[in-house]
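Please construct the entire structure, taking both the sequences and the accompanying hints into account.
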Amino acid sequence: MTEHSRIRRILPHVWLWLAIAVIVFPIFLVFIASTHTNADILAAPMPLKPGSHFLENYGRALSEGTENLGASAWTMMKNSLIMALGIAVGKIVVSLLAAYAIVFFKFPGRSFCFWAIFITLMLPVEVRIMPTYKVISDLGMLNSYAGLILPMIVSATAVFLFRQFFMSVPREIAEASQIDGASPMAFFTEILIPMTRTPIAAMFVIQFIYGWNQYLWPLLITTKEKYYTLLIGINRMLAGADVLVEWQIVMATTLLAMIPPVLVVVFMQKQFVAGMTDTEK
Amino acid sequence: MAKQYEFSSKGLPYLLVLPQMLVVFVFFFWPAAQAVFQSFFLQDPFGGRMIFVGAENYTTLFKDPTYWASFGRSFLYAGLVAFSAMAMALFLAVQANKQIRGASFYKTMLIWPYAVATMVAGVLWIFMFNPNIGVVAYFLKHSLGVEWNHLLNAGQAFLLVTIAAAWKQVAYNFVFFLAGLQSVPAALVEAAAIDGAGPTKRFWTIVFPLLSPTTFYLLVMNVVYGFFETFPIIHQATQGGPGQATNILVYKVWRDGVVNLDLGGSSAQSVVLMILVIGLTVVQFRFIERKVTY
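Chains as they are written, first to last, in numbering that gives the first Met the number 0: chain A, 0 to 280; chain B, 0 to 293.
A couple of the hints might just be wrong.
To be verified - Computed list of lysine to any residue pairs in SDA-like fashion (alpha-carbon distance at most 20 Å, straight line):
#, chain 1, residue 1, chain 2, residue 2
1, B, K106, A, K133
2, B, K97, A, V13
3, A, K269, B, L180
4, B, K97, A, K133
5, A, K223, A, A238
6, B, K97, B, F6
7, B, K106, A, L262
8, A, K133, B, I50
9, B, K106, A, V21
Treat the hints as calculated values from the structure; they're not laboratory data.
Given the structure is predicted, the values throughout are model-derived calculations rather than measurements.
This is the structure in structure tokens:
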């Protein structure tokens, strides 16, 4: 590169730190608030240094939640985890099978299946909210893990990614396995799946986060505390007048809700980035 | 595409697509069909009585000025969110893509917010801007003399949800722009530098055009995000108010259906939205497919 002046070298750092500050500041505030008493937070402006109630607040959030909530962050975390894992694993399994059929088999109705699946590629649940609710209620799946998980498995993103990957697999491998007398299912489980490790890992990260962060759907179908996820709990705790909200517990729960998906992204950043940008290609 | 080897089996492929087809049909086509069906009826929310009204739900909808206002608002909102989130992300990706010390640290710091739920983004921003206890609201009032109350001031409410939605989306766009920038051939940029093009000119005449597939892809995804997926932010921060100030289309579907129990009207709105998304999907898909097969 041609430019080497001092300002040109420093400026990118300034911009990037500025961006990081804007990203981190709100989360920093959440952390600070979660270490104070509610009275400290309500006495505006709230302190900007950590307080001494960290253990007390997180302990209460985890063991009982706020007064009127009736669900502990511990239970809600378990529900969020079940939902996120259910969505991620369910979607990956179902999508692998469908993509395998569409790419490697020739059968009447293939292009019909293809379009039926791909029309849902970007369709958010927000759009079909009332009718889906009615279907779930007709099936008796309100307030159940199946009701939380199954409608979220619909969208075609994972089928799409696996299809792209399968199309890049040399067909000679499939042909050779046939000549060697392996059944199509043996080819699938013993050759194709091991080859697909990386896209599967990438999809897992993306779908885990997608599942963990679901909001509108659980909001509609979970009316029993037993099935609250973390995000629903936060919403319920915030309902009502400002002075009645126990902000310190809400903020502790908010931080707890952020930690698992953030850890997944940070530790699987490479797979995650690859998976995201592969869907586009 | 070249002729490729394919398995031939009578039953197996159907068995393989069955689970996916089952979820698609039960949780997409069935609800979609019901939405279409219901949009032609007036339903008593408490009983099962349904009265066939033909296209009345649609004509009422299209004659309703608040619906058109919501349409316009949604476009403005999604457009602003898409533009600001993409512009910020592109700018930051260009900075992080330079040969600078700590580049991988910066990348991680800008990527991880992807994991923050849209709903949590809403909570973070209402906590900062809460008129009674928010730190930023306090600062605005006491240092800049700006009275912040997004629960009463329509402009402020719109601004707040726009910023919160864009804030959350920057990380997503950053991932794609960074990947796009990394695939720009360095030789091309260096050649332009040797020819005497300055950094700004190099960016706009070489790098930016090469990024256009990424930009187009992100534009569609961001508009879909702004239009449909920012529901949690609206729900958390403003509940569509004050008045109609932040009542975008998805929020209206929810409010009319779940809160006001106007099932026919809400279904008609769902149908309109589904057509909109499916249209966008086809556009996006055509574009992606063209890129794959060349």
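Checked hints:
1. B:K106 <-> A:K133: violated, 43 Å
2. B:K97 <-> A:V13: holds, 13 Å
3. A:K269 <-> B:L180: The hint holds at about 16 Å.
4. B:K97 <-> A:K133: Violated: K97 of chain B and K133 of chain A sit about 52 Å apart, past 20 Å.
5. A:K223 <-> A:A238: Holds, at about 16 Å.
6. B:K97 <-> B:F6: violated, 48 Å
7. B:K106 <-> A:L262: holds, 15 Å
8. A:K133 <-> B:I50: Given that 20 Å is the threshold and the Cα spacing comes to 18 Å, the pair holds.
9. B:K106 <-> A:V21: holds, 15 Å
When each numbered hint is compared with the structure, violations occur for hints 1, 4, 6.
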